[in-house]
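Asks: Turn these sequences into a full structure, and let the hints steer you where they fit.
Chain by chain, the residues:
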Amino acid sequence: MQALQSSIFAMREYLSPVLKESKFKEHGRITPEEFVAAGDFLVYKFPVWTWEKGDDSKARDFLPREKQYLVTRGVPCLRRAQSLAYTDADEDAERLVSFGEGAGGAEGDEWVETHAGRKASDNPGADSAALTEIPDDDGDEIARGVGGLSLGGQGDSGAAALDTPDLDDIPDMEEDDLEEGDEATAAKPTPAPSAGNPTEALRSNLLQVRTYDVMITYDKYYQTPRVWLIGYNENGKPLTPQQIFQDISADHAQKTVTIEPFIHSASLQAASVHPCKHSSVMKKVIERMNNSVVAEQLAQQAKSGPSSATTPGKEKKKWFGRKSSGSTKEQIATQEGDDEPEGMRVDFYLVVFLKFIASIVPTIEVDSTTSF
Amino acid sequence: MPTLQFAPFSSVVSPAFWHKLTDLKIDVLKLSDEAVPITGTYTAGKSIFDRETGQEVLLGTGFSVGGESFDASSTTSHDESTLPGASGHSGNAVTATGSFKNFNTIEEFKALDKTKYFDEEAQKIWDSIIATKSTTELNRFFVITFADLKKYKYYYWFSFPAFVSKPAWEIGEGSESWKSVVDVLSRDELASINAQLRAEPTLPAFFLVKRARGGSQGAPAIGKVEDYETFFTDVPTSEVRSSSLPRSIRSLASLTKRLRRSSSLTLARPQRIVSFIDPSPDPQNPGWPLRNLLAYLRALYPESTTSVSVLRWRDTEVTTPTPNTVWKSQIGTVYLKEVEGAAAGKRPSAVGWERNPNGKLGARLADLAPMMDPTRLAAQAV
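Line order of the protein sequences matches chains A and B.
First residue of the first sequence: 1, per our numbering; consecutive thereafter.
First residue of the second sequence: 1, per our numbering; consecutive thereafter.
No lab work stands behind these hints: they were computed from the structure.
Bear in mind that the values here come from a model prediction, so they are computed numbers and not experimental data.
It is possible that part of the hints are untrue.
What the hints assert, rightly or not - With beta-carbon atoms standing in for the labels, derived distance ranges: (1) K101/B <-> E13/A: 37 to 47 Å; (2) V28/B <-> S16/A: 34 to 44 Å; (3) K303/A <-> T233/B: 25 to 35 Å; (4) E33/A <-> K166/B: 39 to 49 Å; (5) E342/A <-> T320/B: 15 to 25 Å; (6) A199/B <-> K58/A: 26 to 36 Å.
Even for Gly, the Cβ is constructed at its ideal location relative to N, Cα and C.
Replies: Structure, rendered in structure tokens:
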């Protein structure tokens, strides 16, 4: 069913014409050229983003060959979106949580979750809220050692390790004698991960953070950018769809965010935020941004206005302009045209877009554009 | 002095890598288990500010491979053809070359003489150091895999061979231990280094920094590690070697030396700086690439590298430096004790198998069934 839907969407996108006219302030939509311009700006300003060309067979001809989509890798995600929603909600908040098709419960089961911000979810594979006590589902020995060592002693990292079968545990494939000759040296020059020395405690929060690869493509049908996510756990293992949904705000998970074939790859699946509402949201955000930008530009003009008037040359010019009767009106008109504030430029579109995406995936630090 | 410890790489394998591997296995490799050249990337170590706790969280020293890793030509064609305008590079990742070897059965995967295979790979790095003096192989890595295509399970084991220094490198204490780069280099110098790095066609994994004669005023120069000797010819190793100077200057030199000693700026102004893009955000432990860089310098220039000023460059994301820019790079001096009769030119032993999440030496498993298996994808689709 979903495959059918996907192919219908793909067909629809194929048939829809390429947007030619710039409409970004009116509709929140952008043309491919504007997408490239905004992407170039993003890449220039924030080198964490790069252009990718993707799969040759999937190349979109309305985009430059080398600039098919934008990607940033290793975007950190410190905690789950669920926990974020709860910490600023009231302490005794109760909520129906549907674990749906998750590994945790039978289909359609609903649970009342209380104090959710305080404890880890029952869902296997879920991580707890606080960073220091992330019980990574792989029973990381570092975490266990550290948990017992110093930090808080919540002790649930050890408990959580028992919860889930360890996928990485391939007993007959461990060959700890492989570097026997180097063992002594490895202990010294390489930080032995399980050695319980004090520096390890300091680095306790290392390696326990999920990371995401975030891609931005151009959706021709909706004429907006579209975001795709591929997640990894703290050991660099790909996340399952269920785990990815933990990082998406409850309003969007499994509603507007779905797992779909990534459009620039023949086979890759990625979580994607469906772009059907992007343009209307972007329009609102842009309007607000634009107003403030225009106000700022007007303020700047007002500031520079009087100062320029004091310069004798300019004054003279004006004087002349006024003297020569008849042209006065014209001059005012042209001057008005010059002074019309430009407002927000389309280059900023993706910067704004990222801020909007950050609201959908609140815990993924996708918005590195803090200077705006 | 404490022993210098290096933060090992941890592999991050994009699902696209497994997809490409699957295609390659079915369409090209078939039953061949020959090693195939691939590339991987790493970026400067990142840390982020946790908005809730206000703590700085260090991220892992990730080493990524993805679908593009199989484009064997990507290392050679990357710098010219794919980049717009050819002025400066895009992205902030360092590309490393390596190889990948896929086995047909899990038994073969297990049965591989891993010590021997590792040794051969390490030898390649050593040969490149001795024979070509090239630094391109210093980050060489390899990965062995077994792909259970029907179950969407991929067993893999990364290795980043690095030479073990005996005796071990030590990090200086006090003013010579790792400290923020702004304590040593001026902001103008950092901005200049940053601008020069950005102008390079690709981000260099290793580079040399030579400070201008006038101290912090002039712009520092950047050079290739391959040109170590020529680049640093006019730069004294650590302190002014007074005997090689004319008498009048010698007295001046000793005077300034005395002056320097009396001030707090003792030796805080190294002239020869060896630098690398540091994938480790850990303030204490520099990243893995430094290991082979130091082995390289020891092997080729043993007389001038018993102490090395190391710049751990992490500011690859700075585009337009301002006076408020927070420079994350660190600088420190590392030392190696002179040992009598140290066999010169002999290959040191190497380590580098990646440990699994349990901290053991062992293969890892990527289970992509949730993201690849059509039946499971259909089940979760809305």
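Asks: Please go over all the hints and tell whether each is borne out by the structure.
Replies: Going through the hints against the structure:
At about 40 Å, the beta-carbon gap between K101/B and E13/A stays in the expected band of 37 to 47 Å. Evaluation of the 34 to 44 Å hint for V28/B and S16/A yields a pass: the beta carbon distance comes to about 36 Å. Hint check: K303/A to T233/B, Cβ distance near 54 Å, so the stated range 25 to 35 Å is violated. Range check, E33/A to K166/B: Cβ separation about 59 Å, and the 39 to 49 Å hint is violated.
Roughly 21 Å separates the CB atoms of E342/A and T320/B, a value that falls within the hinted 15 to 25 Å. Evaluation of the 26 to 36 Å hint for A199/B and K58/A yields a pass: the beta carbon distance comes to about 33 Å.
Of the numbered hints stated above, those contradicted by the structure are hints 3 and 4, listed in ascending order.
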